[in-house]
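Chemist: In case you want the letters, here they are:
Number of protein chains: 2
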Amino acid sequence: MHPSARSFASPAARASKALLIEAAKLVEEGVATPEDLDTACRLGLGHPMGPFALMDFVTSPLTLEVQQLLHDAYGERFRPPALLKQRVAAGLTGGRGKAGWTSAGRT
Amino acid sequence: MHPSARSFASPAARASKALLIEAAKLVEEGVATPEDLDTACRLGLGHPMGPFALMDFVTSPLTLEVQQLLHDAYGERFRPPALLKQRVAAGLTGGRGKAGWTSAGRT
Chain B
1 MHPSARSFAS PAARASKALL IEAAKLVEEG VATPEDLDTA CRLGLGHPMG
51 PFALMDFVTS PLTLEVQQLL HDAYGERFRP PALLKQRVAA GLTGGRGKAG
101 WTSAGRT
Chain G
1 MHPSARSFAS PAARASKALL IEAAKLVEEG VATPEDLDTA CRLGLGHPMG
51 PFALMDFVTS PLTLEVQQLL HDAYGERFRP PALLKQRVAA GLTGGRGKAG
101 WTSAGRT
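Read top to bottom, the protein sequences are chains B and G.
Residue numbering for the first sequence follows my numbering, starting at 1 and increasing by one per position.
Residue numbering for the second sequence follows my numbering, starting at 1 and increasing by one per position.
Just so you know, the hints here were simulated from the structure itself, not pulled from any lab data.
Note that the Cβ used here is the ideal one computed from N, Cα and C, for glycine as well.
Please note that the accuracy of each hint is not assured.
[To be verified] Estimated spans, in silico, between C-beta atoms of each pair:
#, chain 1, residue 1, chain 2, residue 2, range
1, G, 33, B, 98, 34 to 42 angstroms
2, G, 79, B, 90, 29 to 37 angstroms
3, B, 68, G, 46, 43 to 51 angstroms
4, G, 72, B, 39, 23 to 31 angstroms
Taking the hints into account, I'd like the entire structure generated from these sequences.
Modeler: What follows is the structure in structure tokens.
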């Protein structure tokens, strides 16, 4: 386990992860693109970064690890989205210089 | 149904409601107070208002109505928290001049 994973499962992080999981489900379902959802969360909700830019910042493997901790602790609603697992397995991890959901981390 | 309820079930709102539901569960479980979670979401996540200030702004009855729409459409993970239903039934609705989760709407 990444040494930061448990500290990322704080109360606010638990609430935030619920949003990230739902955002990934919206992309899985083809409802919206990562870029569109990031824009909607920034302009509509006033968040400083959208959920996909945030996952790329934190990196998708760490995001997945925290979701797995939350899934073990709180059950079905925190089941990591299949799309997130597939992207991590494919090496689309985000993080500096690595391809992720958005182009934000690639510069 | 409130005339705004369907428009509040937009993609970004669906992701945001997942956060609001999880925040209410955290209060139900006694993990944190509404004030503490609002502070954590503002200072930790950079959100312009925390989930409870947001529910008071939108009002809890409308929040509940949108969650019920999402629950009907997407199932168990959007089940409205019992605490939210109890607070609406008790008249703690939020909105201008009305008692809510926080003191923000009461001035």
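Chemist: Run every hint past the structure and note whether it holds.
Modeler: Each hint, compared with the structure:
no., hint, in the structure
1, 33(G) <-> 98(B): 34 to 42 angstroms, "holds, 39 angstroms"
2, 79(G) <-> 90(B): 29 to 37 angstroms, "holds, 33 angstroms"
3, 68(B) <-> 46(G): 43 to 51 angstroms, "violated, 25 angstroms"
4, 72(G) <-> 39(B): 23 to 31 angstroms, "holds, 27 angstroms"
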